[in-house]
Amino acid sequence: MAQIELEHITKTYGDKTALDDISLCVRDNEFFVLFGPAGAGKTTLLKTIAGIEFPQKGLVRIDGKIVNHVEPLNRNISMVFENYALYPQKTVYDNIASPLRSRLHRESEEDVQKAVVKVAKMMSIEQLLDRRPGELSNGQRQRVALGRCLVRTPNVYLMDEPLAHLDAKLRHFMRSELKEMQSAFNTTTIYVTHDYTEAMSLADRVAVLNHGRFEQTGTAHEMFYLPSNEFVAKLFGEPEINLFPAELTAEGGSVRLKAFDGEVTLTPCADVVPELEKGAKKLDVGIRGNDIGFSFQQEGRDWIRGTVYANEPIGNKVVMTVEALGTKIRLVAPNNTKAELDQEVYLRFNEKNFIYFDYETQKFIVRSDMDRYLRS
Amino acid sequence: MRKKLFHKSVDNGFAVKNLSFSCNDGEFIGILGPSGCGKSTTLRMVAGLEKITDGDVYINDVRINDLLPKDRNIGLAFEDYALYPPLSVYDNLAFNMRAKKIGEQEIKKSIDYVAPLLRVDDLLKEKPTALSGGQKQRVNIARAIVRRPGLLLLDEPLSHLDGKMRQTLRQEIKRLHHEIKCTTIIVTHDQMEAMSLADRIVIMKDGELQQMGTPLEVYDDPANVFVAGFIGEPPMNLLPSTILRTEGRFLFSFEGSDVRIEVPQRYASIVRDGMSVILGVRPVDVLIADDSAASTAVPVAVYEDLGDERHISVRIGKSLLNLITEDDVYYQQGQIIRLLFHAERTHLFDPKTGERIRA
Amino acid sequence: MNNKNEIDSKLVSSYNKRKKRKVLGAVGRNLGLTLYAVFALFPLLWMVLCSFKPDTEMYTTVFRFHPTTANYSAVLIGTDYFKAFYQNFVVSAFAVLITIVAGVPVAYALARYQFKSKESVAFTILSFKFAPEILVCLPVFLIFQKIGLYDTYFGLIWVYQLVTMPLLIWVLRGYFEDISVEIEQAAQLDGYKWYEIFLKTLVPLVKPGLVSVGLLAFIFAWNDFTFPLILSGSNIQTITITSLRYLASDTVHYGQVAVASTIAVLPEVIGCLFIQKHLVRGLSFGAVKG
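Residue numbers (numbering that gives the first Met the number 0), protein chains in the order written: chain A, 0 to 375; chain B, 0 to 358; chain C, 0 to 289.
These are computed hints drawn from the structure, not numbers from a lab. Honestly, I wouldn't trust all of these hints.
To be verified - Keeping only pairs whose Cα atoms sit at most 27 Å apart, straight-line, the calculated DSS-like set for lysine-lysine is:
hint, chain 1, residue 1, chain 2, residue 2
1, B, 99, B, 204
2, B, 163, B, 180
3, B, 100, A, 337
4, B, 50, B, 163
5, A, 327, B, 180
6, B, 163, B, 124
7, B, 317, B, 16
8, C, 21, C, 117
9, C, 206, A, 56
10, A, 168, B, 317
11, A, 117, B, 163
12, A, 113, B, 50
13, B, 163, A, 362
14, B, 50, A, 178
15, A, 56, A, 15
16, A, 178, A, 113
17, C, 199, A, 15
18, B, 173, A, 337
19, A, 113, C, 206
20, B, 100, B, 124
21, B, 124, A, 337
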């Protein structure tokens with residue numbers, strides 16, 4: 000258990016900047032998730048904490064002590080690599096036992112056996128202890144890699160996309176298992192993923208990384224409901240949030256939004272108007288797929304007309320992509336929704352859940368009923 | 000009505016065992032199954048790349064078992080793009096037609112029609128090395144259909160692409176089919192892909208046909224435990240259970256747990272006390288109830304707030320029962336909640352055969 | 000599209016054509032391969048036969064002769080043939096040993112580290128193999144004379160590095176590149192020191208390549224003719240140049256030459272037979288990269 004701090008870390012590879020002035024504080028025992036698209040620098044950040052990569056600038060602290068010059072093996076850190084990095088010529092048992100047998104830790108064979116068996120039971124792989132990694136499936140290898148990481152109790156667990164190479168079913172299953180095990184961890188954990196459901200489910204706090212910089216840090220709940228900018232908003236949620244530009248106008252004493260080249264007029268909720276009026280007139284409005292109603296008949300004058308571009312059942316719901324007003328809008332429909340391609344469909348937005356961004360800076364301005372989302 | 004009919008076929012080594020199905024002109028068929036189930040082998044037999052040990056393949060009522068692939072009038076777009084690197088996209092598309100000595104005028108007409116459908120019309124002069132994975136795959140598919148074949152075969156065309164590209168291309172394939180109405184067969188291990196693209200899905204396991212039906216049919220009405228657990232994301236809850244009879248009612252009981260759930264009325268006539276069944280219910284069909292006699296109290300094992308949905312798991316003996324709700328609820332681990340199953344959408348399966356027990 | 004007719008007419012003719020083509024193809028291929036095998040193995044066979052032929056029958060037809068062991072006794076009994084055999088073995092084995100000890104770290108460095116003109120260094124090492132030995136011989140001879148390495152074990156072993164080292168480095172570099180760097184990083188985090196990681200984790204992973212390229216290097220060293228010819232005199236007589244002895248002033252004792260060659264080839268053949276499987280896998284595996 001330890002507190003991990005990064006102070007103004009910059010890491011470059013040649014002329015490419017992987018980490019740009021990163022500062023971070025992970026509290027003792029926290030489950031901290033690093034989230035972001037591929038190439039954002041998440042793995043580099045993890046390796047810098049582990050000591051496998053050396054930053055050009057900045058300090059790494061473990062429990063307040065500077066460890067920049069400390070070798071990885073002396074930092075007391077356990078890591079799960081994205082591609083597992085299991086020793087191919089050793090058995091599963093020896094792979095998991097490996098950290099306990101090194102010069103540094105020198106446990107007795109009895110203690111080693113106890114620890115390995117305990118972890119193997121936790122990962123449900125006790126029947127695989129005699130096999131070699133080459134004989135295992137991806138899911139089994141991932142559990143061995145996790146086992147090797149968890150067999151010790153180091154300062155911090157570093158996990159680099161441990162569920163990335165598993166098929167969807169196994170990923171969901173392992174995510175629930177990890178969640179259930181979390182309370183038993185009792186160790187600071189830094190977990191890297193590009194899957195927002197993992198971030199939302201497992202994290203105490205999340206940091207979104209983009210091109211080596213933090214876009215937002217906070218709880219996953221905050222990221223989803225109060226994203227600090229459009230980039231973060233687009234990362235969370237399936238289907239991706241819909242964003243369209245709109246202009247704030249005054250029409251006959253009340254404030255309105257004109258969108259889609261003036262074709263559509265929307266009414267913002269009363270509680271957001273003061274905030275909106277403070278800033279620029281040009282906005283980007285975000286609305287998630289669940290907050291869009293649809294019908295194949297024109298239910299009212301303010302319903303927007305479009306055609307069905309795609310209608311995809313994806314398991315327990317249907318994602319319908321509608322082409323309307325020159326843009327594609329994604330909405331969530333009940334599971335048995337049938338639609339012909341190019342069929343006429345009418346949409347209605349739920350203004351209560353609009354998220355407003357500044358058009359120029361793409362930063363978050365306001366959303367309705369903000370207090371409700373500022374809990375947790 | 001042109002009918003393309005398939006095979007009763009058995010391949011040596013039993014990669015495919017006694018598979019028969021037929022599909023109609025213009026239909027989009029998806030062959031779905033885990034890796035090693037024989038779906039690629041089936042496709043390759045239709046294509047003529049694999050020998051058929053036993054059985055026949057008919058296209059338009061003509062038996063084509065012994066025809067070479069190039070004579071079967073089919074378009075193939077396989078997983079590995081295999082575009083000729085030194086040729087431009089245009090030349091790649093024209094390649095097969097030139098080999099058949101079709102005139103340049105005709106070739107240009109065909110390409111000009113097909114290229115915009117897959118949005119590769121602005122890539123015609125590029126070489127394959129300059130293209131991204133998604134673009135290469137689009138050229139691959141364009142090449143398959145440029146000769147307007149009677150049948151289009153796609154073997155896992157989206158597996159090498161990342162999330163967003165996969166979604167986009169999936170929609171484009173669907174729209175392409177909508178446009179040219181070519182009979183298409185796609186092979187995939189991703190049930191989401193099959194569900195969103197196919198008019199009907201053929202589900203295979205270990206070389207054998209499990210079920211064939213529309214996406215809604217295989218989702219709502221699975222024929223056996225394998226189909227039930229394979230289709231649907233997240234997967235259906237499948238809990239082994241023993242029927243108990245108390246006070247005139249039938250209840251599901253579970254090993255290692257005192258949870259009891261009422262058996263839906265429509266099964267009352269076919270269950271007996273002590274009968275072993277597998278209970279199948281989808282996470283969306285497990286409902287959170289207020290205090291009511293029909294609901295069951297269980298402690299929460301896992302609570303996940305995923306923004307637009309909440310995923311909750313409760314422990315029942317050795318298994319985890321998963322449920323999904325869009326309601327804005329919040330539970331602590333260990334908190335007791337009351338659950339109810341949607342009676343119409345609860346399924347029973349025979350534990351020995353895996354077959355569905357119908358009411 | 001005139002679908003139905005197209006398929007119909009082609010049905011029968013294409014089926015028959017395919018069958019005929021297949022059978023002819025198989026017969027032709029097997030015949031070709033057999034001929035080639037005979038062509039390749041014939042010299043070896045002839046050599047072994049010659050070793051049993053008396054000199055008088057050397058020029059008669061190949062297969063009808065009176066076998067004799069006179070050649071064998073002439074070469075093997077009462078001569079220092081086995082001394083030459085032993086010396087060849089010592090030189091080759093030590094050469095390969097030094098190549099392994101020095102070359103493996105070089106291969107690792109080229110695979111893992113980035114440094115200026117890395118590729119030039121790699122290419123320079125490979126280029127040593129390009130130089131024909133006969134060209135290099137004379138300058139080396141002069142140098143060796145000056146520093147007293149002429150006709151010594153050490154001198155020959157050192158020069159043999161030109162033959163064995165580039166091959167090993169080039170093949171093993173590919174092997175090291177194929178091992179993902181994360182395995183080493185995982186071992187670091189597990190608490191192992193760099194030499195433990197190298198010896199216990201990395202070397203076992205390149206073992207197949209090491210064994211096969213080691214054997215190949217041994218074969219090259221064993222067979223080398225030019226270097227021992229020029230750079231060693233009476234002290235070191237490798238097997239290859241021992242064969243020269245049988246070219247006597249009046250006649251060439253082909254039979255004895257054949258015996259010398261046959262015995263000399265034995266270690267290599269036995270070595271290859273034992274490691275056959277690894278040889279093919281070992282060489283092609285590393286060769287895929289670079």
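Evaluation of the provided hints:
no.: 1; hint: B:99 with B:204; result: violated, 39 Å
no.: 2; hint: B:163 with B:180; result: holds, 25 Å
no.: 3; hint: B:100 with A:337; result: violated, 44 Å
no.: 4; hint: B:50 with B:163; result: violated, 37 Å
no.: 5; hint: A:327 with B:180; result: holds, 24 Å
no.: 6; hint: B:163 with B:124; result: holds, 26 Å
no.: 7; hint: B:317 with B:16; result: violated, 35 Å
no.: 8; hint: C:21 with C:117; result: violated, 51 Å
no.: 9; hint: C:206 with A:56; result: violated, 40 Å
no.: 10; hint: A:168 with B:317; result: holds, 18 Å
no.: 11; hint: A:117 with B:163; result: violated, 40 Å
no.: 12; hint: A:113 with B:50; result: violated, 54 Å
no.: 13; hint: B:163 with A:362; result: holds, 23 Å
no.: 14; hint: B:50 with A:178; result: violated, 49 Å
no.: 15; hint: A:56 with A:15; result: holds, 14 Å
no.: 16; hint: A:178 with A:113; result: holds, 24 Å
no.: 17; hint: C:199 with A:15; result: violated, 35 Å
no.: 18; hint: B:173 with A:337; result: holds, 14 Å
no.: 19; hint: A:113 with C:206; result: violated, 32 Å
no.: 20; hint: B:100 with B:124; result: holds, 22 Å
no.: 21; hint: B:124 with A:337; result: violated, 40 Å
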